[in-house]
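Residues per chain, in single letters:
Protein chains: 2
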Amino acid sequence: MKLLKVDSVEETKRKMDHYFEGISLDVEWIDIAQALGRIAAENLYAQREVPEFPRSTVDGYAVMAKDTYGASESLPTFLQLEGNVEMGEAAAQKIVPGKGVYVPTGGMLPNGADAMVMIEYVESLDGDTIAVYKAVAPGEGIMQQGEDIQKGEPVVAKGKKLKPQDIGMLAAAGIFSIKVFKKPRVFVISTGDELVHPKEETKLGQVRDINTYTLSAMALACNAEVVGQVIVRDDFQLLQNTVKHAIEKSDVVVVSGGSSVGKKDVTAKVIDSLGEPGVFIHGVAVKPGKPTIIGRVGDTAVFGLPGHPVSAMIIYKVFVEYILRRLQQLEEAQEVVIYGICDANIHSSPGKETYQMVQLEERDHQWIVKPIYGKSGAISLMTKAHGYIKIRENQEGIHKGEGVEVILL
Amino acid sequence: MKLLKVDSVEETKRKMDHYFEGISLDVEWIDIAQALGRIAAENLYAQREVPEFPRSTVDGYAVMAKDTYGASESLPTFLQLEGNVEMGEAAAQKIVPGKGVYVPTGGMLPNGADAMVMIEYVESLDGDTIAVYKAVAPGEGIMQQGEDIQKGEPVVAKGKKLKPQDIGMLAAAGIFSIKVFKKPRVFVISTGDELVHPKEETKLGQVRDINTYTLSAMALACNAEVVGQVIVRDDFQLLQNTVKHAIEKSDVVVVSGGSSVGKKDVTAKVIDSLGEPGVFIHGVAVKPGKPTIIGRVGDTAVFGLPGHPVSAMIIYKVFVEYILRRLQQLEEAQEVVIYGICDANIHSSPGKETYQMVQLEERDHQWIVKPIYGKSGAISLMTKAHGYIKIRENQEGIHKGEGVEVILL
Numbered sequence: 001m002k003l004l005k006v007d008s009v010e011e012t013k014r015k016m017d018h019y020f021e022g023i024s025l026d027v028e029w030i031d032i033a034q035a036l037g038r039i040a041a042e043n044l045y046a047q048r049e050v051p052e053f054p055r056s057t058v059d060g061y062a063v064m065a066k067d068t069y070g071a072s073e074s075l076p077t078f079l080q081l082e083g084n085v086e087m088g089e090a091a092a093q094k095i096v097p098g099k100g101v102y103v104p105t106g107g108m109l110p111n112g113a114d115a116m117v118m119i120e121y122v123e124s125l126d127g128d129t130i131a132v133y134k135a136v137a138p139g140e141g142i143m144q145q146g147e148d149i150q151k152g153e154p155v156v157a158k159g160k161k162l163k164p165q166d167i168g169m170l171a172a173a174g175i176f177s178i179k180v181f182k183k184p185r186v187f188v189i190s191t192g193d194e195l196v197h198p199k200e201e202t203k204l205g206q207v208r209d210i211n212t213y214t215l216s217a218m219a220l221a222c223n224a225e226v227v228g229q230v231i232v233r234d235d236f237q238l239l240q241n242t243v244k245h246a247i248e249k250s251d252v253v254v255v256s257g258g259s260s261v262g263k264k265d266v267t268a269k270v271i272d273s274l275g276e277p278g279v280f281i282h283g284v285a286v287k288p289g290k291p292t293i294i295g296r297v298g299d300t301a302v303f304g305l306p307g308h309p310v311s312a313m314i315i316y317k318v319f320v321e322y323i324l325r326r327l328q329q330l331e332e333a334q335e336v337v338i339y340g341i342c343d344a345n346i347h348s349s350p351g352k353e354t355y356q357m358v359q360l361e362e363r364d365h366q367w368i369v370k371p372i373y374g375k376s377g378a379i380s381l382m383t384k385a386h387g388y389i390k391i392r393e394n395q396e397g398i399h400k401g402e403g404v405e406v407i408l409l
Numbered sequence: 001m002k003l004l005k006v007d008s009v010e011e012t013k014r015k016m017d018h019y020f021e022g023i024s025l026d027v028e029w030i031d032i033a034q035a036l037g038r039i040a041a042e043n044l045y046a047q048r049e050v051p052e053f054p055r056s057t058v059d060g061y062a063v064m065a066k067d068t069y070g071a072s073e074s075l076p077t078f079l080q081l082e083g084n085v086e087m088g089e090a091a092a093q094k095i096v097p098g099k100g101v102y103v104p105t106g107g108m109l110p111n112g113a114d115a116m117v118m119i120e121y122v123e124s125l126d127g128d129t130i131a132v133y134k135a136v137a138p139g140e141g142i143m144q145q146g147e148d149i150q151k152g153e154p155v156v157a158k159g160k161k162l163k164p165q166d167i168g169m170l171a172a173a174g175i176f177s178i179k180v181f182k183k184p185r186v187f188v189i190s191t192g193d194e195l196v197h198p199k200e201e202t203k204l205g206q207v208r209d210i211n212t213y214t215l216s217a218m219a220l221a222c223n224a225e226v227v228g229q230v231i232v233r234d235d236f237q238l239l240q241n242t243v244k245h246a247i248e249k250s251d252v253v254v255v256s257g258g259s260s261v262g263k264k265d266v267t268a269k270v271i272d273s274l275g276e277p278g279v280f281i282h283g284v285a286v287k288p289g290k291p292t293i294i295g296r297v298g299d300t301a302v303f304g305l306p307g308h309p310v311s312a313m314i315i316y317k318v319f320v321e322y323i324l325r326r327l328q329q330l331e332e333a334q335e336v337v338i339y340g341i342c343d344a345n346i347h348s349s350p351g352k353e354t355y356q357m358v359q360l361e362e363r364d365h366q367w368i369v370k371p372i373y374g375k376s377g378a379i380s381l382m383t384k385a386h387g388y389i390k391i392r393e394n395q396e397g398i399h400k401g402e403g404v405e406v407i408l409l
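In the order they appear, the protein sequences are chains X and C.
Quick note on full-length UniProt numbering: the first sequence kicks off at 1 and runs consecutively.
Quick note on full-length UniProt numbering: the second sequence kicks off at 1 and runs consecutively.
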């Protein structure tokens, strides 16, 4: 009974950290309008303050707050109106006790004013006088110069994946061209004597390859660029030529299939034949996905994933995405996971980290997490699942009612 | 004290449903390799069964299960070996009692076999005989023909946003070209006399526009296409020309700024001037974002959003994304939200649906939801927030310890 000597998931990640120490993607300069989903390659600091002058945050009247103290619906305060501030123009007026000036939302606050009274609480009696029906405190209805963003303040940290609000923040802070990591280039190879392209007709015993479709789509979903897709037979020479070519063109090569220990286990030998340091992981204590191979040739990561579509996808999520994040120095904490309550007892596979497919159901503002089962390799299971949960290698299993973390698919 | 007569959020959505009844995007045919994130415009059914022949899911020996009954580590069963099944080839052998055939993972199961014994539990004694150390049940280690997907089975429903596993499912099911909704075309307009392009220098009182950046990025994040971005002064004629041009080119026009009730409130008049039915929402009971305008001109949705970046982004998420989903007939349930426990009492604004920015913190496999506060219009608040929670218009507020739903930003 031959069993693989395998690494744990934590040990595998530690080895990846070790073997990819100091390796990261090249950077490029891009306009922030093209930066959605890209990863900042430097810390960015505000080039200006926001706002650049004190602004009103309401439609209303700029006043000295103390003039309004005691004002109420039954007992208004009367102020002398000193005209309007126009949008986009400097406020020329100066507020002194007993005076008010109309300022629209976003308009500049005149000198001397320290609060805004919303128009809803003001009545214009004639062109010259207003009745104020509400007391306001100093600072009310105002955004001070630099209150939103100070000049020199950090606005985006290196390793942040940029969202719409970050792009807005950069525009506001006067930063329009930024250094980001180039998109990782991924090359997807499926190997197996049984595989044919999905669009081809099959003979009995042949199988249509779907991993090039799923793994390429997963790469695109991670903002990577897919630079090649090839189906190749389990032949050392053919696979060696293909992987050699792939390594030259890409940062990450993903070979699925051909990685179980058997007479056709050529992926590891091919990786080792192409350069240093070669394979450093051969087998991981996970279920599904045990026969996982990870190596490095030059600066390129080369993965051997199981051929089963489900196993391949899970190992991709766990290890290939780990390297994609690492190459981009992406902070892991940015990925928001789902927490929920497990709805059933789940068995573990002792000594292995187990990935269990689950569905989510909302109950009382809580996610109820339901395990779903199916044959290994069933793609239909993946499309029914909302995500998966991990059961750690030394965990006894999960009890019904326990809190769990769900990684979305 | 003039107050807007406004609709509730639910009423606003009902009116959108009513005014956009029967309007949806055109469809187009694309290859599934390009379909990630696109929305299926038809129900899709499997064109073939998966697998197309019974397959082994393990490396091992195909047997008749009943031959193994009683086998154990101390008392193996001996079977006669009838050679190998090669990957990608039809199994020529026929299993009869007392015989076994080697089949690799994914290989075709020979006729007569009804189970697989994993190689770990088998010893090859000589070229002709194997010792089986474990009993297997019928069906073990096998995936039956059509077990994963039946021919004619629904595989992707109309309105589904396609993920990598869906694309794999389609490839497996023999579907390579599919009908999807065209990407919605969004035109982003910022209006305001105070606005200048962010790259320009400002004079005192002028403000750099950032909404074209944030709202365009939000459109891209929703898989829409941004077909135009314009900054325009609050002038009826100019805005009318700009919106008219935008309507001709797009499915959704988003005008931010210029929508508060005041002398510069031209957006609603412009929409009404351009065609039927025009504005059907003028003010929504939400905070922030009350002065929201929604109209329809021909088949194009036209929105007037507040000028404040934060309010504009929230109203975009709540109402513009609602229409984008509606035009693509996207099932709303696909959006996975986060549930968590609120960490503080939060006040409501009576009569308004209130959006409160929050941060998330993990504690014991649960999200703790912390409200964060800042001045209205502070873009820095949006970049600090992980998401927001809704407090319904007739809700008293949220108590510390209450379960809440978080919409991620």
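By construction, these hints were calculated from the structure, which means they are not laboratory data.
Fair warning: there could be bad hints in the mix.
Identical chains share a label here; the pair holds if one copy fits it or two copies do between them.
[What the hints assert, rightly or not] Straight-line C-alpha distance at most 25 angstroms; calculated PhoX-like pairs for lysine-lysine:
(1) K199 / K158
(2) K317 / K161
(3) K151 / K290
(4) K400 / K13
(5) K151 / K390
(6) K179 / K13
(7) K94 / K203
(8) K160 / K317
(9) K199 / K179
(10) K269 / K13
(11) K384 / K134
(12) K203 / K151
(13) K13 / K384
(14) K13 / K287
(15) K134 / K375
(16) K151 / K375
(17) K151 / K370
(18) K249 / K94
(19) K182 / K13
(20) K287 / K66
At most 25 angstroms between CA atoms: does that hold for K160 and K317 within a copy, between copies, both, or neither? both (19 angstroms within a copy, 22 angstroms between copies)
If the cut is 25 angstroms between Cα atoms, do K199 and K179 qualify within a copy, between copies, both or neither? between (41 angstroms within a copy, 18 angstroms between copies)
Between copies, within a copy, both or neither: which fits K203 and K151 at Cα up to 25 angstroms? between (68 angstroms within a copy, 18 angstroms between copies)
Could you place K400 and K13 in one of the four classes (within, between, both, neither) given a Cα distance threshold of 25 angstroms? Classified as neither; 30 angstroms inside a copy, 38 angstroms across copies.
One pair to classify: K134 and K375, alpha carbons no more than 25 angstroms apart. Within, between, both, or neither? between (70 angstroms within a copy, 20 angstroms between copies)
At 25 angstroms max between alpha carbons, let me know whether K151 reaches K390 within a copy, between copies, both or neither. Answer is neither: 44 angstroms inside a copy and 33 angstroms across each miss the 25 angstroms cutoff.
With identical chains treated as interchangeable, where does the CA-CA distance between K384 and K134 reach 25 angstroms or less: within a copy, between copies, both, or neither? neither (58 angstroms within a copy, 33 angstroms between copies)
How would you label the pair K269, K13 (within, between, both, or neither) given a Cα cut-off of 25 angstroms? within (22 angstroms within a copy, 60 angstroms between copies)
Alpha-carbon proximity between K249 and K94, which holds within one copy, between copies, both or neither at 25 angstroms: neither (66 angstroms within a copy, 46 angstroms between copies)
Checking K317 and K161: alpha-carbon separation at most 25 angstroms within a copy, between copies, both or neither? Classified as both; 18 angstroms inside a copy, 20 angstroms across copies.
Regarding K182 and K13, is the shortest C-alpha distance of 25 angstroms or less found within a copy, between copies, in both, or in neither? within (23 angstroms within a copy, 41 angstroms between copies)
Up to 25 angstroms CA-CA - K66 versus K287, copy category: For K287 and K66, neither the intra-copy (70 angstroms) nor the inter-copy (28 angstroms) Cα distance is at most 25 angstroms.
The structure fails hints 3, 4, 5, 6, 11, 13, 17, 18, 20 (numbered hints given earlier, in ascending order).
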